[in-house]
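So the sequences go chain by chain: W and G. Here numbering that gives the first Met the number 0 is used: position 117 in the first sequence is 116, and no number is missing along the way. Here numbering that gives the first Met the number 0 is used: position 14 in the second sequence is 13, and no number is missing along the way.
Simulated from the structure, these hints should not be mistaken for lab results. Predicted, not measured: the structure shown is a model, and the values here were computed from it. Please note that the accuracy of each hint is not assured.
[Stated by the list, open to error] Simulated pairs of lysine to any residue, SDA-like, Cα-Cα distance not exceeding 20 Å:
#1 LYS54/G - GLY806/W
#2 LYS54/G - ALA295/W
#3 LYS54/G - LEU441/W
#4 LYS54/G - LYS105/W
#5 LYS105/W - ALA285/W
#6 LYS54/G - ARG810/W
If you want the building blocks of each chain, they are given just below.
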Amino acid sequence: MTTSTQPTRSDRSVLVADVARAAAFVAPYWPLTSFVAVNPLGGLQDRPFDDATALARRWFGARTHLSLDSYRAEHARGAISDTELDRSIRRRLPWVADAPVLEIGKVRFDAIDVVRWDLVHGPVDEPAGPTGSTLADALDDVVTAWCATYVDDAHVPWAMPDRSLGFYRAWRALAPRDRRLAGLIGRDGRERVASLPDDPVEMLDLALGGRGIGESDRVAAIRTYLLRTPGWAGFARWCDDWAPADREGVRLRMLDLAAVRAALDHVAPEQLELQETDASPESFTARIDAATSAFALAAPSDAEREAVAAVIGRVSADDRAAIWLAAHEVNFRARLLARLEAPRDGSKVAEDRTSPGRPDAQLIFCIDVRSEGFRRHLEALGNYETFGFAGFFGVPVRWRPLGSSIAEARCPVLVSPRHEIAELAVEDDHAYLAACSTSAGLHDAFYAAKGGIGSPFALAESAGWFAGPAAAARTLLPGRAVTSPGSDAGPTRWWKRRSSAPRTAPVIDADADAGAALHSGLTLDERTLFAEAIVTTIGLADFAPIVVLCGHGSDTTNNPHASSLDCGACGGAPGGASARIAVAILNDADVRAGLIERGIEIPDDTVFVAAEHDTTADVVTVFDRDALPAGSLAGVDALQRDLDTAGERNSRDRAARLPGNPARVRDRGHDWAQVRPEWGLAGNGAFIIGPRTITADHDLAGRCFLHSYVAERDPDGVALETIMTAPLVVAQWISAQYYFSTVDPEVFGAGDKMLHNPVGGVGVVVGQSGDLAVGLPMQSVMLGEQRAHDPLRLLAVVQAPLERIEGIILRNSGLRQLVEGEWIHVVARESEQDAWSFRTPSGGWEAWSNADVPAPAAAAAPLLTPLETS
Amino acid sequence: MTTWTNLTAMAKIEVVVDGDDVPAVRDLFLDAGATGYTAVSGVSGFGHHGHHQGKLLFNDRASLSMLITVVPIERSDALIAGIRRFLDDRHGVLFVSETHVSRPDYFA
Chain W
0 MTTSTQPTRS
10 DRSVLVADVA
20 RAAAFVAPYW
30 PLTSFVAVNP
40 LGGLQDRPFD
50 DATALARRWF
60 GARTHLSLDS
70 YRAEHARGAI
80 SDTELDRSIR
90 RRLPWVADAP
100 VLEIGKVRFD
110 AIDVVRWDLV
120 HGPVDEPAGP
130 TGSTLADALD
140 DVVTAWCATY
150 VDDAHVPWAM
160 PDRSLGFYRA
170 WRALAPRDRR
180 LAGLIGRDGR
190 ERVASLPDDP
200 VEMLDLALGG
210 RGIGESDRVA
220 AIRTYLLRTP
230 GWAGFARWCD
240 DWAPADREGV
250 RLRMLDLAAV
260 RAALDHVAPE
270 QLELQETDAS
280 PESFTARIDA
290 ATSAFALAAP
300 SDAEREAVAA
310 VIGRVSADDR
320 AAIWLAAHEV
330 NFRARLLARL
340 EAPRDGSKVA
350 EDRTSPGRPD
360 AQLIFCIDVR
370 SEGFRRHLEA
380 LGNYETFGFA
390 GFFGVPVRWR
400 PLGSSIAEAR
410 CPVLVSPRHE
420 IAELAVEDDH
430 AYLAACSTSA
440 GLHDAFYAAK
450 GGIGSPFALA
460 ESAGWFAGPA
470 AAARTLLPGR
480 AVTSPGSDAG
490 PTRWWKRRSS
500 APRTAPVIDA
510 DADAGAALHS
520 GLTLDERTLF
530 AEAIVTTIGL
540 ADFAPIVVLC
550 GHGSDTTNNP
560 HASSLDCGAC
570 GGAPGGASAR
580 IAVAILNDAD
590 VRAGLIERGI
600 EIPDDTVFVA
610 AEHDTTADVV
620 TVFDRDALPA
630 GSLAGVDALQ
640 RDLDTAGERN
650 SRDRAARLPG
660 NPARVRDRGH
670 DWAQVRPEWG
680 LAGNGAFIIG
690 PRTITADHDL
700 AGRCFLHSYV
710 AERDPDGVAL
720 ETIMTAPLVV
730 AQWISAQYYF
740 STVDPEVFGA
750 GDKMLHNPVG
760 GVGVVVGQSG
770 DLAVGLPMQS
780 VMLGEQRAHD
790 PLRLLAVVQA
800 PLERIEGIIL
810 RNSGLRQLVE
820 GEWIHVVARE
830 SEQDAWSFRT
840 PSGGWEAWSN
850 ADVPAPAAAA
860 APLLTPLETS
Chain G
0 MTTWTNLTAM
10 AKIEVVVDGD
20 DVPAVRDLFL
30 DAGATGYTAV
40 SGVSGFGHHG
50 HHQGKLLFND
60 RASLSMLITV
70 VPIERSDALI
80 AGIRRFLDDR
90 HGVLFVSETH
100 VSRPDYFA
């Protein structure tokens, strides 16, 4: 073993920099309490999609595209046509246009015919699985077990000692007594572990030096250490780069995680491959043989085989996957754009919209794909105008609910909230707060007893009389069961129901709060600025007497991934609080006066109303009804009736796509045995930025994010730049998470939900041990063997001047990487009278034509989810 | 010529990086012994990679940020070595200059 020598200060600093560079390859993983959809290849997003996925296949041993068989199944049922395949072949392999004609068996074939045959019929070449020894896998399990122990202070009788020293030092203190580790590394292992340095940087330096890793290979070696446990590495990346500075609990650092894995590599002869290696050379023999036989029928000549080899030998496995994916995307793009051009599915909304006059109400929903169906049904019921806007309604704040000392961010994770808003009772709240305190005490006592060593037996004896019937009720009557104090549906809910909640209001005025010391609120200038941003970014004008800001959330039980169904724009939380805050700002008389100075006049009779859409039950709840002016109540009541009807209709649509009893579709969230309370954002494929007139009355099957935008009201392009650099980016993260969770549910998804065990209060593992399972559960994207999501890269559809869009892409490097790296595709047109153009990855725009898709057929073809098309 | 007789000479290190790299640079500062730093987000300008957009309304990560720290000169070499290494394969620039401070104990 190499003797430890202390690195110099500069050496230490350089090594820490190498850890940071290696860590950049890892995508962050948010704790489940605030689940945020991320691109699992986000650490590679500065590379083109094709390069990043090629690296992911090598580093993770993962699948990054659907299998060839799956693509072929899509082709067989018409979801990918030969024409679309040819279009993708020509784009990916432009040389086919100039390749010589093949003459085989006296029949002439174009090169593209051979490539297409190989794609549709050629032998399958699947990527090799991950490499690693049994010992390496066992040591990975040791690391994951210690990670879980280190971060967990909620589900263990006592916490790991010395956690404040950091993960490496805390582990280092206990590792010599780790019997499991000793069993893996031999009898003298404990002594070797005991002799390891106390400092993580020295440990890394020692381990890398011992393996003969030079400076040029260090980043690759550290990356290998980290990617042995990508789930925990993702959590460490979150701790390092994204966790709030005032977050309670320990911080798992990348440096410590790498040092622990390096220590195990140092003391065990596991033969981890630490240096960068080239991809394995690809063999084309089987594919060439198969194609030759197919075209030549029998006894091909050498010349014929060589001619085939000259084509097939230039089409790598990466090319095949890329062509299939592109063809699949072209199909979706063609269907969607044809759909937008087609006669509308209904006529009522179009008539209402074209008729002059003020709408009875305007409703602003989140851009979430689940809003699309609900909006469509609501619009059909009356003179309503709906809009799409990010569900935090442009107010990036931290929200502190009544009685809580903790404020949580309610905005996209791309934004660092600088303001805090507290919820304050406007009537006596003493009884309620006392009930909350009692409930929280009960909850803590219940879980303390449940998590103890001997106390669970006593708990069963003492609380079984209550818990048993409650469990039976929840099982047999999930829709009516009362939330028990031990459930995960909220520690205070059960007890709070016994004491009516007081009326409350968000404290938005910082000046008014000066005496209350709540540290809550915004200045008048800030409130006015936010109000202006909301109105102009949406393109809101001609205000209706009632304007509803409707957030969304999902009420589900026994669901560790519950927050994945909440609002992504609110940081994985329900959007009701954001709606209430924005409404309070927009109803503020001083703010309205300030808006007039900025050229925005909201009529005196316009009242803003906050609401929240429960996407599992399809129920919209209107908040703070008591605070509304009497004159608006009749209108709100009428609207509520239509919201109820729209919810019923939308739930019927959703029931058609969900398994089980359609009549119980709205109860699924309360069923604690339900692994699929709703489909969430499965099926998402496009992000449409434009006025509602281009999508209204079209059934888009819940596949599109809809962001309202009126280019004429945004002459300087500020609103569009905001949309394309924030909501579009968040949508791309969501899209990428669904994509990769679908193509490889084991590596990029969270696997089978039936086997999940919550761990460390931050995530789940599949089974009893192993790495943190990142991504979405299989049940979120699959129905048995059937896909519920089409893994496609997000398509941005924008109605705005092309030069405006181009300027935004060029001056925002992150967005430019997404577009030119082909993580997203962009099609755009200036107005409804213009044809669509496609933004090419190399820059510039080219005309998009649906010519390959017969217009009447495409227009008639519904935009269905994979479940419906199969 | 100006003389700063009662001030202490120190090294001022300024780094301009992508918003995503701010936490890593922050940690490099602190791991190398800096006692604090100042961060300026939404830095706009024109440079090696063309025009950089400044502050965006709802994305604090997409624009450039500048991080500034001051350390004793004898401690600066290690910090600079780490930053230079970090910038080996990413966008960003590093400026080092001598500065003078009135409260050296704040930075030691």
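The hints, checked one at a time:
no. : hint                : verdict
1   : LYS54/G - GLY806/W  : holds (16 Å)
2   : LYS54/G - ALA295/W  : violated (63 Å)
3   : LYS54/G - LEU441/W  : violated (47 Å)
4   : LYS54/G - LYS105/W  : violated (66 Å)
5   : LYS105/W - ALA285/W : violated (23 Å)
6   : LYS54/G - ARG810/W  : holds (12 Å)
Hint violations for this structure: numbers 2, 3, 4, 5, all remaining hints satisfied.
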